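Letter by letter, the chains look like this.
Protein chains: 2
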Amino acid sequence: MTLRENTGRRRTRRGGGPKAAPERNVNYRNLRNPFPPMEVFSSDQIAAMHETSLRTLEELGMKVLLPEAVEVFRKGGARVVDQMVYIGRDMIDAALATAPKSITGRAGARDRDILLELGSLVFQPGAGAPHATDLARGRRPGSARDFREYTTLCHHFDVFQMMSPSVEPQDVPTHLRHFFTTETQLTLTDKFPFVFARGTPQAMDCFEMLRDFRGVTDDGFAAAPHCYTIINTNSPRTLDIPMAQGLIDFARNGQLSIVTPFTLMGAMAPITVAGAITLSHAEALAAITLTQLVKPGAPVCYGTFTSNVDMKSGAPAFGTSAHFQASLAAGQLARFTGLPWRSAAGSASNVNDVQAANENQMGLWGCLMGGATVIIHAAGWLEGGLSVSYEKIITDVEVLNMIAELCAGKQAGVDEIGFDTALSAVEPSGHFFAAPQTMARYNTEFYQPIVHDYANFGTWTERGAQDANQRATKVWQDILAADARPSVDGERLETLQNFIAKRTAEGGAPPES
Amino acid sequence: MTLRENTGRRRTRRGGGPKAAPERNVNYRNLRNPFPPMEVFSSDQIAAMHETSLRTLEELGMKVLLPEAVEVFRKGGARVVDQMVYIGRDMIDAALATAPKSITGRAGARDRDILLELGSLVFQPGAGAPHATDLARGRRPGSARDFREYTTLCHHFDVFQMMSPSVEPQDVPTHLRHFFTTETQLTLTDKFPFVFARGTPQAMDCFEMLRDFRGVTDDGFAAAPHCYTIINTNSPRTLDIPMAQGLIDFARNGQLSIVTPFTLMGAMAPITVAGAITLSHAEALAAITLTQLVKPGAPVCYGTFTSNVDMKSGAPAFGTSAHFQASLAAGQLARFTGLPWRSAAGSASNVNDVQAANENQMGLWGCLMGGATVIIHAAGWLEGGLSVSYEKIITDVEVLNMIAELCAGKQAGVDEIGFDTALSAVEPSGHFFAAPQTMARYNTEFYQPIVHDYANFGTWTERGAQDANQRATKVWQDILAADARPSVDGERLETLQNFIAKRTAEGGAPPES
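So the protein lines, in turn, are chains A and B. Count the first sequence with numbering that gives the first Met the number 0 and you get residues 0 to 512, in order. Count the second sequence with numbering that gives the first Met the number 0 and you get residues 0 to 512, in order.
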């Protein structure tokens, strides 16, 4: 039999009616992690690491550079000597008791809201890069255009459930940059936005823009996070001024801090996975405690980003087995605390090549099997974060989409096993192209790739022998050309732009450090 | 502190003695799978699939093209109508009872022996390709030179624990080809070799060459597998002449058959994962039963290689979410039977690009989380098996090596957590390069990559801006230039060559079909 022999299909097509098989419908917006959590350490070892983290905070302490934060810790019961803050385990226990175990981030549309808790799964593209790169225009310092374009690309793919500070728009003056990045995230996407913690004035500007543009009251804004920031400690054991200020500002205003010590084993962290994660855990607990001292119940996410350096050169490496194991260990500690947690993939490669693909995917699997709630740098991140690649965001999305497909699972009922509709319908050495089961599902059963190409060598050669990167260039160019964006309320847009004009005239808000 | 301030290291170096930190020592030869098995279906669904496989064999039957095999099935209790063999569940149960659950493959050296059972983990490079390709010489029909070179590459990496029929040496006449491939595997490597099932005369030649070259008796050879073959059914439900003959010959002589229906969902198998794996399971059970009817206890490995086709073009796809889920389902059925099982990774890409890397790694993770014992096509496989790539074998080995590192696990004892030797030894915002813990481990803690490059963009550019493929070219060229091979007993080599000369003069042994 051939496809043409299938009368059912011919019949429906003859009348110009709908096709026999329904179109494919996927939902990549609300994912649950289906992968069994993997443990690298025993529960006793995890308990010993937690205990050592507590001892580290009690005996070695954190250096906190912001006097206001030191004062919050002191009032909360910490022993303070100059900038050194010694945090007791009772304070940590209290913070872990009040930190929410489940957080809903409010996006521009309700079906873009994100749930952050152990078991949920949220992807975010590569973030924080000073440079952008693509095959058409080369590698260059990040610009406003790059930030806007990257926002459009991130908006396009449902598998990115939150926005990231993708690329630094270096051509926008620093005292006005937060206006630009916030306006861009409000007008080109309706996903959960990111706000940098670069001092109180910028944070307050961003909160006001968000609140008014989203049309929520002060109370509504404070009641649920409408944005998030990333807080990196200065490992080892230092919390600098803008990061401490960010923890205070975001907690006080009910907005989400994702606390992430960025620790490279052998450099700013111990060379061992166990040691590095013990340090990272201690620093995360200190920062989480600060948020809960400011406002018990403030939304905060436990975070880890631990990989290793190459001990010959000191250069950072990503997607290594050590990175993978660090993600597993961090996941075990996150489950120990019960908090949602973020981890990270990423690549050290300088171009989007095989190394970049393998590193990023290896990093992803460490996060997935570590049970991460949020996986940052899940796509597009090159050079250990010094650039984001337009092609790599496309090729990595292919992997993320397939992981999202795995989240949906598969059925094995009578229809799927298909003794009557498939197995007994085809003779030995025959084919299943026209089996009833196939005809009912040929449009819907399989994921449709966005950049992978299954043509054979001859056809592929005739079509120009383009590798995945070259095909990815066309994919991102088409997305940018389509320029799909959410509808925006004209009045709110005017309010936003007036606010930015007023605050620009007032001198904006330089970043603090 | 800097590295130079470490007195311990200076002291040992001053005397010209060994370095303070030991060299890295890894063992990739005997791996256990550390990844928690993932289930895509419930145990009830798996039982229903097994039940439907039994029904398929009982009611729909297998078409068996070799009369001798039909007769074996008939004598074993099967109902036979012409070439159709209807196999009862009692026969399947009996076969699963006698098939060994643990198999040791005997290689050329005892430390190359492989253990095949649920829980052990063995990798094999891409196999069966008619073409070879590399950046230096382009894509060409496979040749004797390619087969030899690929054998040397496979021999070089411990993470390949068994040999594969990598590439077809098309310039060797088919009636002599088995002499060439066996001699090559005996002289260029001491790993567990592969023998094609292309008729009894070839198999007997190969068994004799192996037995004599390994220096074992007839009884010793029959008592343990010294080689293996791959048996592909002709899905759906057909067992052709050379494959049926191979099952009989290998079982009768105590050699290992790896039974693998190669089923593409939507083409030669049902479009659903559940249907395709039910068919694959039925065919594997039929072939396994044949081996046990020939010789109860004969070594046989359960196998699956199920991916999907692109329903728009009919082209095979690999490393997809459907492929991943099929591996999980097959793993569940393998555990249901208790047999060691093989799965497969692979790529549909036409070049070793980002697609090729992502597909292969995605396929690998499906196998790993499916608990596969043997993962075939784990490296180097392009175009859905129509070519093997010299560069891809190198870039994939990087991933396999890191997976082998994950098999080794990590410790989290007092030394690794390192409160005294690391955490308390570094001031806030300091670095750990010279911490006592680092100094004791800097040579040994991290995997050293073979092709991944961690240089920053500037350094990488100065060095020629080579991507991973270009660097991989140098890696394989260096391995071939070094030409490391196991020592070979001169007398046995002479015996081998005399045998080949005699059998060649007698006309060799044409393949049967």
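Among the hints, a few may not be true.
Same chains, same names: a pair is fine if it fits in one copy or spans any two.
[Claimed, not checked] Mimicking BS3-like on lysine-lysine, the simulated pairs with C-alpha atoms at most 27 angstroms apart in a straight line are:
hint, residue 1, residue 2
1, K311, K409
2, K294, K473
3, K473, K311
4, K473, K100
Source of the hints: derived by calculation from the structure; they are not laboratory data. Note that this is a predicted model, so its numbers are computed, not measured.
These are the hints, each one checked on the structure:
Only between protomers do K311 and K409 lie at most 27 angstroms apart by alpha-carbon distance; the minimum there is 21 angstroms, versus 46 angstroms within a single protomer. In this assembly of identical chains, the alpha carbons of K294 and K473 never lie at most 27 angstroms apart, being 48 angstroms within a copy and 58 angstroms across copies at closest. With identical chains, the CA atoms of K473 and K311 are at most 27 angstroms apart between copies only, with a shortest distance of 21 angstroms across copies and 39 angstroms within one. Taking identical chains as interchangeable, the C-alpha atoms of K473 and K100 are never at most 27 angstroms apart, the minima being 42 angstroms within one chain and 51 angstroms between chains.
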